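With the hints as constraints, model all of the structure from the sequences given.
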Amino acid sequence: MADTSKNAFLSWLTRNPIWGFIVIIFVFFSFSNEYFFDLQNFQNILVQTSTIGLIALGMTLVMINGNIDLSVGAVVALAASLAVDLQSWEVFAAWGSWAILPAVAAALVAGIALGALNGFIVWKTGVDAFIVTLGAMIGVRGLVFIYTREESFFASDFAYSDFGSSAVGPLPTLAVLFLLFTVLTHLLLSRTVHGRNTYAVGGNREAAVNAGIRVGPHMMINFMLIGFFAALAGVTLSSQMGAATPNLGRDYELWVITATVLGGTKLTGGAGNIIGTFGGVLAIGILRNGMNLMQVPAFYVLVILGVILIAVLFLDKQLNRRGKQELKT
Numbered sequence: 172m173a174d175t176s177k178n179a180f181l182s183w184l185t186r187n188p189i190w191g192f193i194v195i196i197f198v199f200f201s202f203s204n205e206y207f208f209d210l211q212n213f214q215n216i217l218v219q220t221s222t223i224g225l226i227a228l229g230m231t232l233v234m235i236n237g238n239i240d241l242s243v244g245a246v247v248a249l250a251a252s253l254a255v256d257l258q259s260w261e262v263f264a265a266w267g268s269w270a271i272l273p274a275v276a277a278a279l280v281a282g283i284a285l286g287a288l289n290g291f292i293v294w295k296t297g298v299d300a301f302i303v304t305l306g307a308m309i310g311v312r313g314l315v316f317i318y319t320r321e322e323s324f325f326a327s328d329f330a331y332s333d334f335g336s337s338a339v340g341p342l343p344t345l346a347v348l349f350l351l352f353t354v355l356t357h358l359l360l361s362r363t364v365h366g367r368n369t370y371a372v373g374g375n376r377e378a379a380v381n382a383g384i385r386v387g388p389h390m391m392i393n394f395m396l397i398g399f400f401a402a403l404a405g406v407t408l409s410s411q412m413g414a415a416t417p418n419l420g421r422d423y424e425l426w427v428i429t430a431t432v433l434g435g436t437k438l439t440g441g442a443g444n445i446i447g448t449f450g451g452v453l454a455i456g457i458l459r460n461g462m463n464l465m466q467v468p469a470f471y472v473l474v475i476l477g478v479i480l481i482a483v484l485f486l487d488k489q490l491n492r493r494g495k496q497e498l499k500t
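Residue numbers for the sequence shown follow the working numbering, so the first one is 172 and each next one is one higher.
No lab work stands behind these hints, which were simulated from the structure alone.
No experiment lies behind these values; they were computed from the predicted model shown.
Hints should not be assumed to be uniformly reliable.
Simulated pairs of lysine to any residue, SDA-like, Cα-Cα distance not exceeding 20 Å [said to hold, decoys possible]:
| # | residue 1 | residue 2 |
| --- | --- | --- |
| 1 | K437 | G383 |
| 2 | K488 | A442 |
| 3 | K437 | H365 |
| 4 | K437 | V483 |
| 5 | K437 | G366 |
| 6 | K437 | P188 |
| 7 | K488 | H365 |
| 8 | K488 | R186 |
| 9 | K437 | H389 |
| 10 | K437 | L480 |
| 11 | K437 | N381 |
| 12 | K437 | R186 |
| 13 | K295 | A284 |
| 14 | K437 | K488 |
| 15 | K437 | G191 |
Right, here's the structure in full:
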């Protein structure tokens, strides 16, 4: 019985090596810095990773489909700008703190609409999602600069920024929000028809079409989901800051893709899971936090993450090649 449980655990760890890596760096930083193993620091890690984590949930769905979305950072900036600015419009002057609701709703709708547009273009034109979303990234970022006139917006209602610093019991509200959507997205991907279709489309698109899956609309829905998550991340980040800047979310697409790939999602599609992505997000958060406590310059973190990412991709390619050779023999 014990051997069976041990073998099952080792099998799971082999499929999800990111969690072994998390244990290693967790132990390392716990012994390296006295302030790391602290409840408040763990809370900080969850808050710091919640923004990238939310977007990574949507990126997992899109990448399992065999696509990618480079526009998420720009969507973060647009959603944050809308959520902060619309609160101060005169039309909502008599609403008081309730003006936050239509402002946040507009930000989320904008994210979903941009995701739908990306998905629609990929579906109808057949152009690679990398090119489509690269164009969207540039265009939306330009739109943000036009809308903000290259100026920062500051929340006029303290209730908005109070939300970003609030807590539910021992956990920060932003961390609770991230954990809640992690569970919901995991259930969507592992327990629903949409989730099964996501793997089918990414694994073999032609076979998915032959099986009766409406591939175009399916991919469009996943692009809408990542648009929603990017917009939600923009809202939560701006509530944490109490402000929105035109450059908000810059390079987020790189962090998100790194976290998603570290979690085991393949760039080629057809494989990945939310548990792994959650691990990838935590790994990045722990690395950044631990090295910051050790006063290591930020660019070293980028170098280390880059090396780790290349190593993960190399090992993944080697394992895939070995698997194909075993199938042939």
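Can the restraint linking K488 and R186 be considered satisfied, given a maximum Cα separation of 20 Å?
Measuring from Cα to Cα gives roughly 14 Å; hence the hint holds.
Verify the proposed pairing of K437 with G383, using a straight-line Cα cut of 20 Å.
Not satisfied, since the Cα-Cα distance of roughly 24 Å exceeds 20 Å.
Please verify whether K437 and N381 have alpha carbons no more than 20 Å apart.
With Cα atoms ~23 Å apart, K437 and N381 exceed 20 Å; violated.
Quick one, are K437 and R186 close enough, alpha carbons at most 20 Å?
With a Cα-Cα distance of about 13 Å, the restraint between K437 and R186 holds, given a limit of 20 Å.
What's the verdict on K437 and V483, does the C-alpha distance respect the 20 Å limit or exceed it?
With Cα atoms ~11 Å apart, K437 and V483 stay inside 20 Å; holds.
Checking one constraint from the list: CA of K437 to CA of G191, max 20 Å. Satisfied?
Distance ~19 Å between K437 and G191 Cα, so the pair holds.
For the pair we were handed, K437 and H365, check the Cα-Cα distance against 20 Å.
holds, 19 Å
Holds or violated: K295 with A284, Cα cutoff 20 Å?
holds, 16 Å
Would you mind confirming whether the straight-line C-alpha gap from K437 to P188 stays at or under 20 Å?
holds, 14 Å
K488 and H365: Cα distance at most 20 Å?
Violated, because 27 Å separates the two Cα atoms, which is more than 20 Å.
Given the proposed pairing of K437 with L480, does the C-alpha separation stay at or below 20 Å?
holds, 12 Å
If you draw a straight line from the CA of K488 to the CA of A442, is it 20 Å or shorter?
holds, 13 Å
When held up to the earlier numbered hints, the structure conflicts with 1, 7 and 11 and fits the remainder.
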